[in-house]
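**Q** The lines below spell out each chain.
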Amino acid sequence: MAVTVKGFGVCMKSELWIAVRSSSTYLAILLPSTIAVVYLAMSRISELAIEARKQFTNVEIPIGEDYSTGYGHLVDGMLVTLAAVVLIVTTYAAWSFANDCRTGTVRHLITRVASRNAVILAKVVTIHVIACLAFVLAFAIAYLLAGSLWTYESVVEDGYELIGEMEIRSEILYGLGLATITIPACIALGSLVSVSASSPVQSTVAILAILVIYGFFQPYFGSYAEYCFLTFTPLLFDASYLREVSEIVRGYSDVYISDQTVRLNLWIPVVQAIGFLVLTYFVTERRRL
Amino acid sequence: MDNQVNQEYSPTLSIANLHKRYGSHDVLNGVNLEINSHSIVGLVGLNGSGKTTTIECLLGLQRFQQGIIDVLGKSPDQIFQLQGKVGAVFDQPCLYPGLTVRQSSRHTKSVLRNVSSDPEELEDLFRLTRYKDFKTRKLSFGNKRRTAIMQALIGSPEFVVFDEPFIGLDAEGVEDVLNIIQQVHNDHGTSFLLASHQLPYLERVCTHIAILHEGTIALHDDLENLLTSQSVNVKIHSPHCAKIAEIAKANHKIELKTQHSVDSVVLSLADMTSAELNTLLVHNGVSVSELQVVRQSLNSLFRSITHQDLDEEGVSWQ
Numbered sequence: 001m002a003v004t005v006k007g008f009g010v011c012m013k014s015e016l017w018i019a020v021r022s023s024s025t026y027l028a029i030l031l032p033s034t035i036a037v038v039y040l041a042m043s044r045i046s047e048l049a050i051e052a053r054k055q056f057t058n059v060e061i062p063i064g065e066d067y068s069t070g071y072g073h074l075v076d077g078m079l080v081t082l083a084a085v086v087l088i089v090t091t092y093a094a095w096s097f098a099n100d101c102r103t104g105t106v107r108h109l110i111t112r113v114a115s116r117n118a119v120i121l122a123k124v125v126t127i128h129v130i131a132c133l134a135f136v137l138a139f140a141i142a143y144l145l146a147g148s149l150w151t152y153e154s155v156v157e158d159g160y161e162l163i164g165e166m167e168i169r170s171e172i173l174y175g176l177g178l179a180t181i182t183i184p185a186c187i188a189l190g191s192l193v194s195v196s197a198s199s200p201v202q203s204t205v206a207i208l209a210i211l212v213i214y215g216f217f218q219p220y221f222g223s224y225a226e227y228c229f230l231t232f233t234p235l236l237f238d239a240s241y242l243r244e245v246s247e248i249v250r251g252y253s254d255v256y257i258s259d260q261t262v263r264l265n266l267w268i269p270v271v272q273a274i275g276f277l278v279l280t281y282f283v284t285e286r287r288r289l
Numbered sequence: 001m002d003n004q005v006n007q008e009y010s011p012t013l014s015i016a017n018l019h020k021r022y023g024s025h026d027v028l029n030g031v032n033l034e035i036n037s038h039s040i041v042g043l044v045g046l047n048g049s050g051k052t053t054t055i056e057c058l059l060g061l062q063r064f065q066q067g068i069i070d071v072l073g074k075s076p077d078q079i080f081q082l083q084g085k086v087g088a089v090f091d092q093p094c095l096y097p098g099l100t101v102r103q104s105s106r107h108t109k110s111v112l113r114n115v116s117s118d119p120e121e122l123e124d125l126f127r128l129t130r131y132k133d134f135k136t137r138k139l140s141f142g143n144k145r146r147t148a149i150m151q152a153l154i155g156s157p158e159f160v161v162f163d164e165p166f167i168g169l170d171a172e173g174v175e176d177v178l179n180i181i182q183q184v185h186n187d188h189g190t191s192f193l194l195a196s197h198q199l200p201y202l203e204r205v206c207t208h209i210a211i212l213h214e215g216t217i218a219l220h221d222d223l224e225n226l227l228t229s230q231s232v233n234v235k236i237h238s239p240h241c242a243k244i245a246e247i248a249k250a251n252h253k254i255e256l257k258t259q260h261s262v263d264s265v266v267l268s269l270a271d272m273t274s275a276e277l278n279t280l281l282v283h284n285g286v287s288v289s290e291l292q293v294v295r296q297s298l299n300s301l302f303r304s305i306t307h308q309d310l311d312e313e314g315v316s317w318q
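Residue numbers (our numbering), protein chains in the order written: chain Y, 1 to 289; chain V, 1 to 318.
Take the hints with a grain of salt, since some may be wrong.
Said to hold, decoys possible - Sample of chain Y residues with no beta-carbon within 10 Å of chain V, all distances over it, derived:
1) V10
2) T34
3) L109
To be verified - Subject to a maximum C-alpha distance of 30 Å in a straight line, what follows is the list of computed BS3-like cross-link-like pairs (lysine-lysine):
4) V/K132 x Y/K13
5) V/K243 x Y/K13
6) V/K253 x V/K243
7) V/K132 x V/K109
8) V/K235 x V/K253
9) V/K257 x Y/K6
10) V/K138 x Y/K13
11) V/K249 x V/K235
12) V/K135 x V/K109
13) Y/K6 x V/K109
14) Y/K13 x V/K109
15) V/K243 x V/K257
16) V/K235 x V/K257
17) V/K138 x V/K109
18) V/K109 x V/K74
19) V/K249 x Y/K13
What the hints assert, rightly or not - Quick list of the computed label-pair ranges, beta carbon to beta carbon:
20) V/T273 x Y/R286: 29 to 39 Å
21) Y/R288 x V/S140: 51 to 61 Å
22) V/S140 x Y/F221: 29 to 39 Å
23) Y/V156 x V/K135: 35 to 45 Å
24) V/T129 x Y/A49: 24 to 34 Å
25) Y/R288 x V/Q182: 47 to 57 Å
26) Y/V136 x V/A171: 50 to 60 Å
27) V/D124 x Y/R288: 34 to 44 Å
28) V/D77 x Y/L149: 55 to 65 Å
These are calculated hints, taken from the structure and not from any lab test. Since we're looking at a predicted model, the values are computed, not measured. C-beta atoms are modelled at their ideal positions from N, C-alpha and C, and glycine is treated no differently.
Sequences are here, hints too, so could you generate the full structure?
**A** Here you go:
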């Protein structure tokens, strides 16, 4: 069966036309940035509170030695923010098509301007655009805020540079790359759930259940967990490489990631994203709309 | 029927041997229906007879097990290639809840090619101008339906499918919709398929009627033919009703339907006009004070096919 996506351009126009007039789009884009701001602000307030308490009571508080520079807080902020981005766009993907089916609006496009697959592909692309905007905005805000609340500098202990700024930056970019490469697979999974569900409530509950249940049971899968893209995704139960980067940029040298894990992190999300999209195509072709 | 489209005679819609099954339940069992251009066809049937399923199949919203559907030369899964020549209004208003009425019509205009009509004009036509800045989710059901119908007519479609177009509309709304259907049909030659229970409304606008019963089209013809080809009912006021009953009994062309009172009877005539009946009665010495031809209604025709007493179902059958 030939894959037809005729009318994709019109569908994109329609999706973007609706998206810029939808409050849920703005919520999806702005919420991760808000979370980043709140997280970094609370981290700073917490630090200031500890310092103030130390000055007033002259008592050392055993909170552990921390070599956090701005980079450490930036990575921590991005861990939380990326988890928010992933959760939001995955849930949005799961809700979106199912909701269009419930309201019946998808029928107008299918009867007048586009094929079924063009509609779903346009939706997937639009959600990627939203995810990109949410991520870029959140990263820019977190970068500026972390830079203004702390200082971006290399980690130095007893006059010895544990890790230089260049290396920190490259590790952060590498960690972010490995984490964000899983987002298309998340969106594709959300879309598959969306086209398979009979209502938006069902699809939203189903995708959240999948994410939470996988998080609970992931430790039991052992090394097999590396064959699921969710293992590399920053989520509530995070096992992504970005978590390790958070340690590296604080000067911890005992962080290790195997080449095989990196290879799987690079390939598994891509392969599984394609698999989910193919399944989405078949379900969309057959279901009642 | 093959998929080739005859250029000289191309029907707007052609459905051949359509079968649709939900699990083990056959809903459509060989539906055949043809709609020519410049016609308004009423698709009527009991609840669950498959009207909505037929519409969803022909619009490519549902897959079917067997049959061939041709809409303006396209199969249902290619219907979008007609670029808005087919419009549809479904039993629920399919609107983006976060858009206003004006935005809804602009959105439709933005995705269709070569739309010359102005959304403002249509809003005016549908009496929606004062709601133009209302989000569609805040509209009453009737106004949502008006908005949905307005959207379907943007782009001057050649064929419009309505599933229960009158649900949720007040008397004024029904009147507006009927007038607009008639106006669009007259001005642009648009064909309509109206699936509805509201037989009196269909009777007002439809040129053809198709009755869907037990998974097939039990009857499909020109409305005028349908109503006139059936037996003619005649109501007679006369002091000699007993004698009229005797004449009816003796003549196979006349059937006594009901006797309302001692001076009023209803006769059903087959192959006989009311004038011939009058002559026959006069020849038999029966004086008639009033002879009234009772026009066959779509309702009674529908009942005679579906064998259902639908009068109890409410005002829509009146």
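**Q** Next pair to validate is V/K132 with V/K109; report whether the Cα-Cα distance is within 30 Å.
**A** Measuring from Cα to Cα gives roughly 15 Å; hence the hint holds.
**Q** Regarding V/T273 and Y/R286, is the given constraint of 29 to 39 Å on their beta-carbon distance met?
**A** violated, 57 Å
**Q** Holds or violated: are the alpha carbons of V/K243 and V/K257 at most 30 Å from each other?
**A** holds, 15 Å
**Q** Hey, is Y/L109 genuinely clear of chain V, shortest beta carbon separation above 10 Å?
**A** violated, 7 Å
**Q** Need the status of pair V/K235, V/K257: alpha-carbon distance at most 30 Å?
**A** The hint holds at about 10 Å.
**Q** Holds or violated: are the alpha carbons of V/K235 and V/K253 at most 30 Å from each other?
**A** holds, 16 Å
**Q** Tell me if the beta carbons of Y/V136 and V/A171 are separated by a distance inside 50 to 60 Å.
**A** The hint (50 to 60 Å, Cβ to Cβ) holds, given that Y/V136 and V/A171 are roughly 55 Å apart.
**Q** Taking C-beta pairs only, is Y/V10 more than 10 Å away from all of chain V?
**A** Nearest chain V Cβ is 5 Å from Y/V10, so the label is violated.
**Q** For V/K132 and Y/K13, compute the direct alpha-carbon distance and say whether it is at most 30 Å.
**A** holds, 22 Å
**Q** Given the hinted pair V/K253 and V/K243, is their Cα-Cα distance within 30 Å?
**A** Roughly 16 Å separates the two Cα atoms, so the pair holds.
**Q** Regarding the pair V/K138 and V/K109, is the alpha-carbon distance no greater than 30 Å?
**A** holds, 22 Å
**Q** Taking 34 to 44 Å as the stated bounds, is the beta-carbon spacing between V/D124 and Y/R288 within them?
**A** holds, 36 Å
Violated hints for the displayed structure, listed by number in ascending order: 1, 3, 5, 9, 19, 20, 21, 22, 23, 24, 25.
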